[in-house]
Amino acid sequence: MNPNVRIRELQRDKCNFVLSGVNLGFANSFRRTMMADIPTVAIDMVVFEVNTTVLPDEFIAHRLGMIPLISTNCDEGMRYTRDCDCELGCPLCMVVLTLHVRCDMPGTTMNITSDHLQIQSGGDAWGGEELTKRGEDFGLPVSKSRGFNGHPILIASLRKGQELKIRCEAKKGIAKDHAKWSPCTALGFEYDPYNKLRHTTYWFETDKQAEWPLSANAEEEEPPREDAPFDYNAEPNKFYFNVETDGSLTAKEVILKSLSNMQSRTATLVYNIKHQSRPDAMDTTDAPAFPPAGQRTSGQDQSYTNASGWGASPNTSGANMGWASPNATAQGGWSL
Amino acid sequence: MASSNLPDRQTLYVLQDGERPLEIIEDTKIPNAATFRIYKQDHTLANMIRTQLLEDKNVIFAGYKVPHPLEPYFLLKVQTNGSLTPTDVVNTACASIIATVSQLEKRFEEQFRDKEFDLGAVDASAQQPFYSDAYADF
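Line by line, the protein sequences are chains A and B. Note that UniProt numbering gives residue 88 to position 88 of the first sequence, counting from 1, and the numbers run on in steps of one. Note that UniProt numbering gives residue 137 to position 137 of the second sequence, counting from 1, and the numbers run on in steps of one.
Treat the hints with caution; some may be incorrect.
What the hints assert, rightly or not - Restricting the straight-line Cα-Cα distance to at most 20 Å, the calculated cross-link-like pairs of lysine-lysine (PhoX-like) are:
#1 K77(B) with K65(B)
#2 K106(B) with K238(A)
#3 K274(A) with K40(B)
#4 K196(A) with K238(A)
#5 K14(A) with K180(A)
#6 K40(B) with K176(A)
#7 K176(A) with K144(A)
#8 K115(B) with K77(B)
#9 K57(B) with K77(B)
#10 K14(A) with K115(B)
#11 K196(A) with K208(A)
#12 K274(A) with K115(B)
#13 K40(B) with K65(B)
To be clear, the hints were calculated from the coordinates, so they are not data collected in a lab. Owing to the predicted nature of the structure, the values given are computational and were not obtained by experimental measurement.
Please work from the sequences and hints to get the whole structure.
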């Protein structure tokens, strides 16, 4: 494949590009990776000290989870809680945000927004390698970042005397766990605007042409001739993407991180195939008397009875020609 | 907790301690065929490899399925014409995907450089409005 790309529009939170020279499976995997496999930070646990607002705790907690937090270089700058050595969360795997607002103005209501969230500092003392890789304002709500020109996100409204005091723990995650961790708000994906490949069938009332206006991407391609025969061998090779993010990551970062994610995912598979026949730590301690189904070879009995020691009883076959050698059978079979 | 028997979502995409990442099951009835059972991966990887395998002349058949949506693995079935083993062609397909990704990465970096140059700013992101026009009316 000889991939090519042309960016039609680039903004901090938006990138519109045309990808060509790749197959449909690759383009779709790229789309799926951008949507669901790029880690960001999001509020995951909220401790309520005071909540006298009209909204119940879980309602507010849910709203807080959705607030985009700046996650620049999150994949390197932060650990997953499951991978961290700490017991209850530490600055390497957690960002703590606090909020304490009380309304004392009579006769009017007050809005609590994402701008009221304060980051609790004090992580520098830990000095982990991860901390140095984080971008500026890491973990801060996007609405408080430099250059932001939108509105902050409304969390709740307070009447006089009402108060909200909370402590939020933001953690690293991906969108397969919860959609709040997705850096993308929308991801447009289109190919074949004229439906030359007939991958879809248009439903219509009376007139197909009138009821299905062409997409803007149709300008990029030659319209098909009326009498053109159907080319059943044609493959899609031009894909129109429109990536929009919630501001936690820039569109550029989402794209580049996705590509390296796809690369490492594929490389891991190659590595696993290469090493799958070797017993790992688990297999040596609890080796099966027969090779597991995945390594059993067909019609090649010599695999089991050859010099590598697959005797009738594994226990008598000698220490060094061990029974803990499923890889020996693999060599006897087809090469792995 | 209302749904305490709900499995942890992470178990759907993270290999647990001691869990095998994959199994290769040789087909006993069809020559030069094997099924790869790959754990904790989904369509994202499976479809990409399958389409890449189908571009290989040595591949007679390549298909994948996710047998059940709650069971986090997929099966990749490959048959070759005999000049290479199924494992070889999968390795080749993966190598080709990795090469494509790195070429694409270069193309993107060139394009990003050009676009940021066009904007006429050293730090384009600092001068650009943070949100695009879609949010202007909010």
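Hints, verified against the model:
1. K77(B) with K65(B): Holds, at roughly 9 Å.
2. K106(B) with K238(A): holds, 18 Å
3. K274(A) with K40(B): Satisfied, since the Cα-Cα distance of roughly 18 Å is no more than 20 Å.
4. K196(A) with K238(A): holds, 13 Å
5. K14(A) with K180(A): Answer holds: K14(A) to K180(A) is near 18 Å, not above 20 Å.
6. K40(B) with K176(A): Given that 20 Å is the threshold and the Cα spacing comes to 12 Å, the pair holds.
7. K176(A) with K144(A): violated, 27 Å
8. K115(B) with K77(B): violated, 43 Å
9. K57(B) with K77(B): Roughly 16 Å separates the two Cα atoms, so the pair holds.
10. K14(A) with K115(B): holds, 13 Å
11. K196(A) with K208(A): OK: K196(A) and K208(A) at ~14 Å, within 20 Å.
12. K274(A) with K115(B): violated, 41 Å
13. K40(B) with K65(B): holds, 13 Å
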